[in-house]
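These two chains come separately, so use the hints to put the complex back together.
So the sequences go chain by chain: A and B.
This note's numbering puts the first residue of the first sequence at 1, with every later residue one more than the last.
This note's numbering puts the first residue of the second sequence at 1, with every later residue one more than the last.
Warning: the hint list may mix true and false statements.
[Unchecked claim] A partial selection of chain B residues facing chain A, derived with a Cβ cut-off under 10 Å: (1) His175; (2) Thr182; (3) Leu241.
Simulated from the structure, these hints should not be mistaken for lab results.
We put the beta carbon where it would ideally sit given N, CA and C, even for glycine.
So the chains spell out like this:
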Amino acid sequence: MARLLLVFALLIGGMSGGSGALAQERSSLLPDIPKATGAPHPEGNEYWRKNHMSLMSHDRDLTMRDGDREIGASLKSCFDCHAATDSAGTIVTYESEQHFCRTCHDYVAVKVDCFMCHRSTPDGVDEGAPHAAILPPPALRDEDGTSIIAYLRQVGQDNTNQGTPGND
Amino acid sequence: MTDMNPDTSQKGADISRRDFLRSGAAVATTTLAPGVTLIAFGGSAAEAKADAGKRWGLLIDANKCASDCSACVSACSTENGWKGNGNAETDVQWIRKITLNNTETGREVTMPMMCQHCEDPPCVDVCPTGASFKREDGIVLVDKHTCIGCRYCMMACPFKARSFVHEPVNNQKSHAPRGQGTVESCTLCVHRVDKGGVPACVEACEATGHGAIIFGDLKDPQSDIAKRLVEYQSVALRPDLDLNPGVRYSGL
Numbered sequence: 001m002a003r004l005l006l007v008f009a010l011l012i013g014g015m016s017g018g019s020g021a022l023a024q025e026r027s028s029l030l031p032d033i034p035k036a037t038g039a040p041h042p043e044g045n046e047y048w049r050k051n052h053m054s055l056m057s058h059d060r061d062l063t064m065r066d067g068d069r070e071i072g073a074s075l076k077s078c079f080d081c082h083a084a085t086d087s088a089g090t091i092v093t094y095e096s097e098q099h100f101c102r103t104c105h106d107y108v109a110v111k112v113d114c115f116m117c118h119r120s121t122p123d124g125v126d127e128g129a130p131h132a133a134i135l136p137p138p139a140l141r142d143e144d145g146t147s148i149i150a151y152l153r154q155v156g157q158d159n160t161n162q163g164t165p166g167n168d
Numbered sequence: 001m002t003d004m005n006p007d008t009s010q011k012g013a014d015i016s017r018r019d020f021l022r023s024g025a026a027v028a029t030t031t032l033a034p035g036v037t038l039i040a041f042g043g044s045a046a047e048a049k050a051d052a053g054k055r056w057g058l059l060i061d062a063n064k065c066a067s068d069c070s071a072c073v074s075a076c077s078t079e080n081g082w083k084g085n086g087n088a089e090t091d092v093q094w095i096r097k098i099t100l101n102n103t104e105t106g107r108e109v110t111m112p113m114m115c116q117h118c119e120d121p122p123c124v125d126v127c128p129t130g131a132s133f134k135r136e137d138g139i140v141l142v143d144k145h146t147c148i149g150c151r152y153c154m155m156a157c158p159f160k161a162r163s164f165v166h167e168p169v170n171n172q173k174s175h176a177p178r179g180q181g182t183v184e185s186c187t188l189c190v191h192r193v194d195k196g197g198v199p200a201c202v203e204a205c206e207a208t209g210h211g212a213i214i215f216g217d218l219k220d221p222q223s224d225i226a227k228r229l230v231e232y233q234s235v236a237l238r239p240d241l242d243l244n245p246g247v248r249y250s251g252l
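Isolated chain B, as found in the complex (with noise of 0.2 Å):
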């Protein structure tokens, strides 16, 4: 892989030297007695990548989706390697395409659903291990770790978001490992986001021309989500439930 650091000099790092820069420039050390230290860090939040000051999030622009266009759907599956074994009901699924039809009108849009991030997210509350978590600018995650493939989150999830893998895997890649017996969902392409870059079905929905899909910071008043959702009319899926959604959608 290209994304990851180069600077293979630096890997070996001395261990305290490296936990020492990590945790900020300004490290307070006090000694109190003999063999008693007193260490203050400053900064460390500053330092980790999960910013609490962030909130990342999509909107989702339905008219723009185009019905016969997955681009957004193939993307995820070849940026984060997850793939069907042809049976339809098992297969995992990050994100897919979704057909509204209107009834009384008509009317009929596509669009895609995947995660939805929620703010207060059903699949952490009923997490037994704690491996169903969300990070500090709102990422929802399963720590594979600890998961035990129970799949209560999949039942808590209203969006039929996460999936469980049945099959063995391998060939995984590097930056999203996943395993048989562990659940998986969209992680907002985390990888990506660590390093100031978008989601992979962001990046190709914009590809196609179609760019109905929006990717920023939900918190920041000058951001072009913030902008837009200022602007036009959106909505949250299953609004009823309250949990406060990263993506929003707009035009259904």
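Isolated chain A (complex conformation) (with noise of 0.2 Å):
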């Protein structure tokens, strides 16, 4: 909380002094979260910030075990108010850095799989980009090993120019 009140009162100060670079620092020093619509969380934020894993893996299985379908914590209905837009105004995909969960999980280094099987988009927007394998893609993959052996003739052909032998 005292961290927060800093945080603002840098931000007044920045914007009193007539220079926005203190609030650019900021945005740098914390991560910038997507405004949500709709009716905040009962609970406040902080609550959901802290335990929305443990609520959603609880309902999952409700629904998934038990087919309870009432169920509040989803990612589907996660969507429903933390939709992130990019500049465009366009909703944004698990693959772009502006997604609502990228912005707090690349912050602390957490990489979540969840949408290697969950849309990362509301229903009915395009997910574009692929954003869920498991392997790189396949411009950036040497399936037939042919960029180690085009490396290694490499080495081969600089040795023998060298005249030395290959020690290295």
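Right, here's the structure in full:
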């Protein structure tokens, strides 16, 4: 809370000083969490920030195992309010750093794998780029080992040219 | 999606209140000592949608199944968002049409084939993580959160009903999450069933006018499917294995 107040004070200071430098600096220190739409969580944002995973995994088991579909905490209903948009106003996928989940998870260096199976946008919003691959895209893959062979040839060539045995 | 609860005001309802409501009306609280509380929940089984008093099943009449029709397969694909990648060996297949040919008589029938939702599912027996499970109401599912993609269940299934997802997936349906490295199969459109609906294949077959697939509760003697099973001859596939599948066939 104290830190939030400090940030707020800095923000005010930055604005009254007529320079956006401090405000700019703030966004590089803490994640820029996209604004949500809809009514706020009655439990408060702090509660949800801390407990969202427990709530979601609790409710997902009830839905899947027991068929309870009247569940509040689901990825699907998260996107009712937390579908983040880019500067052009388009809803972004998990591919984008502006995705609601990624803003914090990137900040704390936690990679979530929810979106390998779940869609990362509300229903009806196309997920353009595939973001769910375990392997890197084919362009970056070395499936038949050609690049390693090319590399070794190159090294061999360099060593021959220099006339030194390849000790390295 | 329009089929979810549109009441957003309920979504953020107080957690304790939500759990309280879910557990049913009858809740008795007894304070034994300061800080020690006994809470007895009543009616929670009735609140859950997967009802142990039901057993969902299908009755497929092969005589009514047209050989040139695959409406059930395409309806399933559309409903659950699975599709092939042009590789017949690895493409997923929740439901497929198969042809039976009697070489003696020359009689040929086609029928849809999918997860048979066994009472004693071999896929559940062999699953090392508990991801493969059977719901109270007899629907056999894969919990993809715990599936490690070992594919034992695929080997155990005598009906070749399960598929492994080889390719990365996106644009899934929100009611049917699916992803690379997990096993999947027919869910009997559990998202529809939980809301009182019928599976997409049944609906599509009905729409074509063939009406070859009937969906219903096998435990309810008044249901259409139970009455038909009483009246007409039907078989379970691989009866020798004694799996008691929820999917039954007639006219084979």
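Task: Hint check, failures only - done: 3
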